[in-house]
Amino acid sequence: MGTVSRDTDSARCGSFHYGWVVLAAGIAVMFACLGIGRFAIGMLLPSMGQALGLSYAQMGLISTANFAGYMASVLFAGTVAGRLGPRLVISLGLLAVGVSMALAGSAGGVLTVLVPYVITGIGSGLANVPMMGLVTAWFARQWRGRAAGFMLVGNGLGIVCSGLLIPQLNLQLGAGGWRAAWLVLGIVAVVISIGAGLLLKNDPQSLGCRPMGAVKERAGGGEKSFPATTKKEVRSRELIRLGIVYFLFGSSYAVYVTFIVTALVNERGFAEQTAGHFWSVVGVLSLFSGPLAGWISDKFGRRLALIIVFAQFTASYLLALAFLPLGCLYLSIALFGLSLWGIPTIMTAAVGDLAGPARAASLFGFITVFFGGGQIVGPAVAGWLAESTGRFSAAFLMCASLAAVALIVAAFLRIPPAVSTRDQPRC
Numbered sequence: 003m004g005t006v007s008r009d010t011d012s013a014r015c016g017s018f019h020y021g022w023v024v025l026a027a028g029i030a031v032m033f034a035c036l037g038i039g040r041f042a043i044g045m046l047l048p049s050m051g052q053a054l055g056l057s058y059a060q061m062g063l064i065s066t067a068n069f070a071g072y073m074a075s076v077l078f079a080g081t082v083a084g085r086l087g088p089r090l091v092i093s094l095g096l097l098a099v100g101v102s103m104a105l106a107g108s109a110g111g112v113l114t115v116l117v118p119y120v121i122t123g124i125g126s127g128l129a130n131v132p133m134m135g136l137v138t139a140w141f142a143r144q145w146r147g148r149a150a151g152f153m154l155v156g157n158g159l160g161i162v163c164s165g166l167l168i169p170q171l172n173l174q175l176g177a178g179g180w181r182a183a184w185l186v187l188g189i190v191a192v193v194i195s196i197g198a199g200l201l202l203k204n205d206p207q208s209l210g211c212r213p214m215g216a217v218k219e220r221a222g223g224g225e226k227s228f229p230a231t232t233k234k235e236v237r238s239r240e241l242i243r244l245g246i247v248y249f250l251f252g253s254s255y256a257v258y259v260t261f262i263v264t265a266l267v268n269e270r271g272f273a274e275q276t277a278g279h280f281w282s283v284v285g286v287l288s289l290f291s292g293p294l295a296g297w298i299s300d301k302f303g304r305r306l307a308l309i310i311v312f313a314q315f316t317a318s319y320l321l322a323l324a325f326l327p328l329g330c331l332y333l334s335i336a337l338f339g340l341s342l343w344g345i346p347t348i349m350t351a352a353v354g355d356l357a358g359p360a361r362a363a364s365l366f367g368f369i370t371v372f373f374g375g376g377q378i379v380g381p382a383v384a385g386w387l388a389e390s391t392g393r394f395s396a397a398f399l400m401c402a403s404l405a406a407v408a409l410i411v412a413a414f415l416r417i418p419p420a421v422s423t424r425d426q427p428r429c
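Just so you know, the sequence shown maps onto residues 3 to 429 in this note's numbering.
Worth flagging that the hints you see were computed from the coordinates, not collected in a lab.
Cβ pair distances, simulated, as ranges:
# : residue 1 : residue 2 : range
1 : 197       : 279       : 27 to 35 Å
2 : 271       : 193       : 34 to 42 Å
3 : 22        : 271       : 40 to 48 Å
4 : 78        : 276       : 39 to 47 Å
Even glycine gets a Cβ: it sits at the ideal position worked out from N, Cα and C.
Model the full structure from these sequences, guided by the hints.
Structure (structure tokens):
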């Protein structure tokens with residue numbers, strides 16, 4: 003590897019690099035598009051399901067509808083962002099999330115929840131995929147994993163918010179609490195869409211600066227990569243493998259997110275407010291999952307980080323089985339929270355490594371199609387298993403098997419190695 007100058011261009015945006023503003027806005031975007039746009043459903047289902055007379059299979063179908071909308075949008079989100087600019091697409095996506103969630107609060111049956119929640123999924127994809135690409139453009143490779151990890155803190159904050167807010171609204175408003183929750187969360191998403199439109203910038207060059215942590219390279223410098231003769235072939239193969247891993251993650255974690263609160267209430271006998279507190283614990287612990295996985299992947303490589311996180315997921319799903327003692331359930335919740343945003347964090351950084359910032363959004367959209375497919379299949383199959391057996395143990399066992407397979411596939415990934423700390427600028 004060639005010599006790399008210590009000079010960084012971070013200061014070209016001023017003493018405070020604007021990348022941090024983009025990162026802060028990204029946290030808010032994740033809070034809206036996924037934190038509440040997707041993960042609040044687990045807290046809404048028990049009271050909404052009781053009020054509307056929904057079966058487990060119908061609950062799984064509602065979650066699947068959201069993921070179907072998400073997958074449909076990621077097919078074109080990267081391309082649209084490339085043409086219109088990520089800032090506009092992100093803002094419009096969040097607007098769709100907010101309006102559709104507010105409409106879901108007026109639902110009178112399964113169909114009138116399904117339709118707006120599909121739109122919520124579409125909006126989530128339009129906001130999430132360009133935002134993931136944008137963070138790779140604003141942060142150099144040696145910062146990429148940590149930046150993505152900190153951005154996904156927004157997801158955890160959304161879980162904390164829904165775990166505290168929704169039970170409180172149900173307590174105060176009774177049978178209509180879940181309707182108020184949909185409306186309040188929708189309004190929050192609309193407000194964030196306006197803020198994102200004002201704060202986000204499409205690339206560092208628009209402000210005359212380089213990505214945070216970028217270094218001036220001398221001849222022969224640059225990131226470690228594959229040999230030029232094999233680079234294209236290896237990149238294509240590794241993107242497919244990343245897609246398979248992302249599919250397995252989507253089809254397993256989505257089941258836990260959708261049904262763990264319902265399992266706590268219906269199988270373990272927890273009060274809804276108590277189950278909400280546990281869901282908030284997941285959210286609090288998940289605040290550390292992205293930054294931790296990002297640091298591991300930056301320092302030790304994306305492959306090892308994936309193996310570690312999937313091992314944690316496998317253990318978490320096994321410990322959630324209904325016949326195990328209550329202490330195992332607590333450990334399951336803790337492990338799930340500490341793992342939750344690790345995989346998307348590593349995926350964002352890995353795609354940036356393989357594709358480069360210019361193509362990151364479109365190729366992240368490509369592997370997210372696999373992710374979305376998993377999220378469609380997982381909850382639907384899990385809901386059917388729970389309906390057939392009367393318990394969620396078979397569904398959680400399925401999740402553990404999928405996570406174990408993902409670990410094995412991840413072990414064979416070939417991604418450029420981590421950047422040496424000796425070559426990292428001190429910003």
